[in-house]
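Participant: Chains as they are written, first to last, in the numbering used here: chain W, 201 to 529; chain Z, 4 to 320; chain Y, 1403 to 1851.
These aren't lab readings, by the way, just hints derived from the structure by calculation. Incorrect hints may have been included.
Claimed, not checked - Simulated pairs of lysine-lysine, DSSO-like, Cα-Cα distance not exceeding 27 angstroms:
#	chain 1	residue 1	chain 2	residue 2
1	Y	K1522	Y	K1722
2	Y	K1603	Y	K1832
3	W	K370	Y	K1508
4	Y	K1755	W	K290
5	Y	K1508	Y	K1519
6	Y	K1706	Y	K1585
7	W	K290	Y	K1758
8	Y	K1832	Y	K1636
9	Y	K1622	Y	K1636
10	Y	K1519	Y	K1722
11	Y	K1450	W	K290
12	W	K477	Y	K1450
13	W	K370	Y	K1725
14	Y	K1584	Y	K1559
15	Y	K1522	Y	K1464
16	W	K370	Y	K1722
17	Y	K1539	Y	K1508
18	Y	K1722	Y	K1450
19	Y	K1584	Y	K1832
20	Y	K1847	Y	K1539
21	Y	K1603	Y	K1584
Predicted, not measured: the structure shown is a model, and the values here were computed from it.
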Amino acid sequence: MSSLSSPGSAQSTAQPIPVTEPVVPARRWWRPPTGNPFARAAYLLTLGIVTIIFLYPFVWAVSSSLKTRNDFFDNQARLIPRPFNWVNYKQVFTGVPGQVYQAAFGTWLWNSLWIAVLAALTVTISSALVAFAFAYFRFPLRNFFFGCVLATMMLPGVATLVPTYLLWNKLGFTGPGTFLFLSKNQYPLWAPNLFGSAFYIFLMRQFFLGIPRELFEAARMDGDNYWTMFWRIAAPLARPAMIVTAVFEFKANWTELQKSLIYLRSDATFTIPRGLKNLLDLYGPSNGGHGDYQVIVAATVLATLPMIVVFFLGQRYFVEGIATQGRKG
Amino acid sequence: MATAIAAAPGPLARARRWFAGFGERDTWAAFAFLSPWLFGFIVFTSGPMIASLVLSFTDYSIIQTTHNVGWANYHNALHDPYVRTAMRNTFIYTAISVPLHVIVALWLASLLARVGRFGGFFRTAFYLPQMSPSVATGILYLLIFNGSFGVLNVALRYLHISGPYWTTDPNWVKPGLALMISVWGVGASVVIFLAAIKGVPQHLYEAAAMDGASSWRKFRDVTLPMISPAIFFVVIINTINGLQTFDQVYTAFFNQSTPYGTNASLMYAIYIFQQAFSFLKFGYASALSWLLFLVIAVITIIQIVASRRFVYYEGQR
Amino acid sequence: MQGWRKALVLATMLASIAVLAVTAGLASAHGNKANIGNGTLNIMGFGKGDDVAETRAAIASKVVGGTINRPSGSFNDQTFLAAVASGNPPDLVYLDRQKVGSYAAKGAFMPLTSCIKSQKINMKQYRQAAVNEITYKNQIYGIPEFYDVRTILVDNKVLDQSGVSIGALNPAKPAALLAAAKKMVKFDSNGNVTRIGFDPKMPEFFPLWAKAYGVDILSKDGLHANLNAPGAVKALTYAMSLINAQGGWNKFKSFRDTWDFFGSDNQVQKNQVGAWPMEQWYYNVLASGSPDVHITALQFRNLKNQPINYETGSAWAIPKGAKNPQAACAWAKAMTSVSTWMAAARNRAALRKASKTPYTGISTGNSIADQDIYKQTYTSINPFFDEAVKKVLDVQRFSFGIPASPASAEFQAAWQNAVNRVLAGQQTPKQALDQAQKEATAAIKAATK
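Using the sequences plus the hints, can you model the full thing?
Facilitator: Structure (C-alpha cells):
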C-alpha cells in the first residue's frame, strides 16, 4: 500500500467507492482517540500548551496596555497588572498629560472600516472570477497569464513604489478633494483590488481545482452556462476559500501602513495604522516623548479588536469543507 | 483530448491548433472571467514594473538628473560584497523558515481539525499572533529570545542546555528569527490547511480504515495528497515571501532606535530598501529588485516543476 | 448558454468603474494646477505635538497667516520622496539635521541665503555645531530647532557600593575607567551580567569616542572620511575592551535589553549600571519616573582632558520647488526665535507646576534662548537634578556635530556596520574600520561625481 501516496492511486481509491451509507458525522475521524485516555490527555495537553504560546503576544499586549508607564517594561513577565491602569485607554483619546495631541480614533476607525470592507469585497469577487478562469478553462496563453500573476508577487514592492505613486499622481489621486463621494487620497488603498490580487487568485485557483470536474460536466448537461457554473457551483463550493480571502484581505488592509504613509496627506483621511504611527512618532523618546508605550499598546489593542471580531465571524466557514458537499449531491 | 495526445502533431499543426483556440467559445468566456485582472495588469501593474525595469538601467535618484548607465547597476550588484552577504542570509533564512513554517502549520492544522468544542476559540487563538500589534511581537522577540534571561533559554537551562545568544550571536540570529516568524506567523497557513483538510472527502478515510491504516498512515496517504494543492500554494507563497523578508527583521535590527544590524541579519530586501530610501539609489535598487525577481522566478519554476509529481488536483484529469 | 456574458458584464462593470475613475481623475488633475500659490503652507514632518510644539506653532501660525496644512506624523523619507518625484514637494519640512545635510548636498533643498536675508534671521543665535551640520559648500540649508547633548550619567550609589571614585569615570584616563568598570560590573552564578559598570554605548556613540581620541570621522566639508585613522581604531579598540571586560557583547547586550528604561524600576533606580554616556532628555525621564535617584552628570572628556559633546537634533528646511518659500521661511524663523522658545518654556513650566511633575527645561538649538529658559523658568527639583541640568547647559559650548555630506546616510551606515561587525566578533577594529573607510570614500566619491 506504499503507493497510496501517489496521486494516481489516491484517485483510484477515490472513484470506485460510492457513498452508500448516510454521511458519517462530519468530524468523526478527527476526534481524539476516545478509547485511549493517555492519547487523549496528551492531545489536550499539546493543544493547551500550543494555545498558550499563541495567546501569549496578545495577552501580553492587553496586560501591558493596563500597566502604568512605570511598570510597562518591568520585564517580570507579570501578566496581571498591579494596579489596573484604565486611564491608558482614556489617554488614547485625550492624549497623555503634556501632549496636546488627541487621537482621532473615531475618524481612523471609520476610514479603516469602510476601506477594509470595500477592499475585502472587491478583491474577493474579482479574484474569484479570475481564479475560476484559470482553474476551469483551457485557453491559449493560460500558463503565460498565470505566470504573470505569479510574477507580480516576485518583484519587491520597493521597486514599484515610486512608479506606482507617479501613476496615481498622473491620474490625479494624490491631491486633495473627493471623487465619487470618496476622498481621492484613499483610492490607492483599495481600488487596485477591483482587478484581483495575485495571492488570492492563486489561493482560490488551488481550491477551484479541487472541485471534481464531473460536477461541471453534469451542470453543463443540465443547461447551466459558464456564469451559472461559476455562481451556482464553483463559488458556493469554494465558499471557505472565498471567506478566507475576504478575512485575510480585511486583516491585510486593516494593518497596511506603507501605502497610507505615502498616499494619505491629511488627518481626516487617516486610517488606523497611519494613526497608530502618529502615536508612535509622538510618544517615542526620539521626538521629545517619554516612551509612553502603555498608551501606544492600549491604542493597538483597541485597533485589534474589530479585526478579531471579523476573524471570529469568518472562521466558522473555514471548516465547512469543499468537495464533501459536492459528493453528497 | 486523448486523441490529441495520441496524434503527437508537428509544430505547425500545434501552432495552428493554438491559434484556433482563440476562436473557441471557451476561450472568449475565459477571457471574460479574466478581464478584471487583465485590465488591472495592463493599466496598473505592468506599467510600474516596466518603469522599474527601465530605471534599473539608470542612476535615478528622484532628486538629481537621471542618466542612462547601461548595465552598470547590474555589474555593480554582482560585485557588491553586501549583495552576496544579503543573498546568502536570505537563502539561509528561507531554507530554515519555509520547511519549519509548513511543518508547524500542518501540525497545528491537523491539531485544530480534531477540536470538537470551542473550535472557534482555538481557531481564533491560532491566528491571533498575526493580528496582535507588531509593537508587541517586536518587544516580545527581544524578551523571549534574550540570551541571558529570556524564557526560551531559561527553559533550556532546566534541560541542562545552555541556549545560544539568539539576538546577538551572528550564527543564531537567523534561526532565531525563523523560529519566531515560523511559529507566530503560521496563522494564515494554518487557516488555509484547515480549510483544505476539512474538504477531504470522508469516505477516503473510511476506505483507508478498512485497510487497517493507522492515523499516521491516513494522514500520509490520504490527507497529504488530498491537500497537496494547498501545500503547494503555501510552499510557493512562503518561498516568495521568505526571499523578500523585511518587516520583522527591519524592526528588530535596522530601525533608527535599534541600529544593531550586522552581516548576519542583513536581508536582501532590507538592503534594497536602504539603497532606495536611505541612499536614494533608486536605479541600483531597481536593478537589485530585478535580480531578486529573477532568482525568485527560477526557484518558483523549479518548485512548480518538481511539485508536478506530488500535487494532486481532484478536478484535473 | 449566454451566461459567460454575465461574467463579461460584471467584469466590464468593474473595469468601467476604473476607467471612470481614471478619466475623472485626469480631468481633475488639470483642475488642481490652478491652486498653486493660494496661501497655503504645506508642512511635512511636523504634526500636532506636545505643548512645546503647539505653543510655538500657534505663534508661528499668527506670524505667517493663511492656511497651515500640517498632517500628523514625523518626517518619513518615502512620503517626502514620493512627493518630490511627483513634482509636488511640501513647502517646508521638519527633520533630522543629518538628513538635511544629505538632501541639501543632493540638491533637494533650497539654500536659505535669501530667506535669511529677507527675514533678517540672526544666525548667530543658533549654536555653531548645529549650523555646521546643515551647511554644505558654504550655503546654509536649514534652521536648527532642538539640540541633543550627551553627558555621562553616573549612578552615585553604584559608585559608593563598589568603592569607585567619581574621578575614575573619565574617558581621558582609559586605564582608570577600565578598572572602575571592572570593579562595578556584576555577574550571577550562571555568569550572566547583572550590572554593567560602564557602557560605552556602541555603536551609537562611536563618533564621540573617535572625537575623544582626536579624530573627526568626517572632514568639515563632508567630503573626506577619517574612519580608519589610528585614533579612531584606538577608540573602538578601547570601547571594545570595556565591553569585553564586562562579559562580552552577548552578555552585555542581553542584560541591557532587559532594562526598564522608561519605568520607575529603571536601571538607575535598580542600580543596574554604574555610568554611561547618554542624551540629556533622559534626565527628564528619570526626573518624572524615579526622582529619588542619586545621580551625577559628567562631561565626556577627550584624551587631553577637555570636555567634548556630540550633538544632534532637528531642523527646518525648504525643499526645492516649494510653492510658498516666503511663508516657509517666516515660519521657520518664528518657530526658533528666542521669544517663541521662551513662551513655550514658560507655558511648559506652568503646566508641569500645575501637574506637580518635575520640569528640566528645554534644550534648543538657540543658545540665547537656552540661557534665558534656564535663568527665567527653571525651578529646583533636587540638588542632583539641579546639578545635572546645569552641567547639560554648560557642556553645549564644547559641541561638535557630524558635518553635512552628500553621502551622510552611506557614511553613517559604513561606520555603524563596522562597529556592529566588531561587536559581533566578526572583525578586528582595524579590519572593520579599514573596510568602512573604503566604503565611505567610495560612496562620497560616487555622490560628488
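Participant: State for each hint whether it applies.
Facilitator: These are the hints, each one checked on the structure:
1. Y/K1522 / Y/K1722: holds (21 angstroms)
2. Y/K1603 / Y/K1832: OK: Y/K1603 and Y/K1832 at ~19 angstroms, within 27 angstroms.
3. W/K370 / Y/K1508: holds (25 angstroms)
4. Y/K1755 / W/K290: It holds: about 23 angstroms lies between the C-alpha atoms, which stays within 27 angstroms.
5. Y/K1508 / Y/K1519: Roughly 23 angstroms separates the two Cα atoms, so the pair holds.
6. Y/K1706 / Y/K1585: Distance of about 25 angstroms is within 27 angstroms: holds.
7. W/K290 / Y/K1758: Holds - the C-alpha atoms of Y/K1758 and W/K290 are around 21 angstroms apart, at most 27 angstroms.
8. Y/K1832 / Y/K1636: holds (9 angstroms)
9. Y/K1622 / Y/K1636: Distance of about 22 angstroms is within 27 angstroms: holds.
10. Y/K1519 / Y/K1722: holds (18 angstroms)
11. Y/K1450 / W/K290: Status holds; Cα separation ~19 angstroms.
12. W/K477 / Y/K1450: This hinted pair holds, its Cα atoms lying about 13 angstroms apart.
13. W/K370 / Y/K1725: Given that 27 angstroms is the threshold and the Cα spacing comes to 19 angstroms, the pair holds.
14. Y/K1584 / Y/K1559: With Cα atoms ~16 angstroms apart, Y/K1584 and Y/K1559 stay inside 27 angstroms; holds.
15. Y/K1522 / Y/K1464: holds (18 angstroms)
16. W/K370 / Y/K1722: holds (21 angstroms)
17. Y/K1539 / Y/K1508: holds (12 angstroms)
18. Y/K1722 / Y/K1450: Roughly 25 angstroms separates the two Cα atoms, so the pair holds.
19. Y/K1584 / Y/K1832: Answer holds: Y/K1584 to Y/K1832 is near 25 angstroms, not above 27 angstroms.
20. Y/K1847 / Y/K1539: Holds. Y/K1847 to Y/K1539 sits at ~16 angstroms (cutoff 27 angstroms).
21. Y/K1603 / Y/K1584: The hint holds at about 16 angstroms.
In summary, this structure violates none of the numbered hints.
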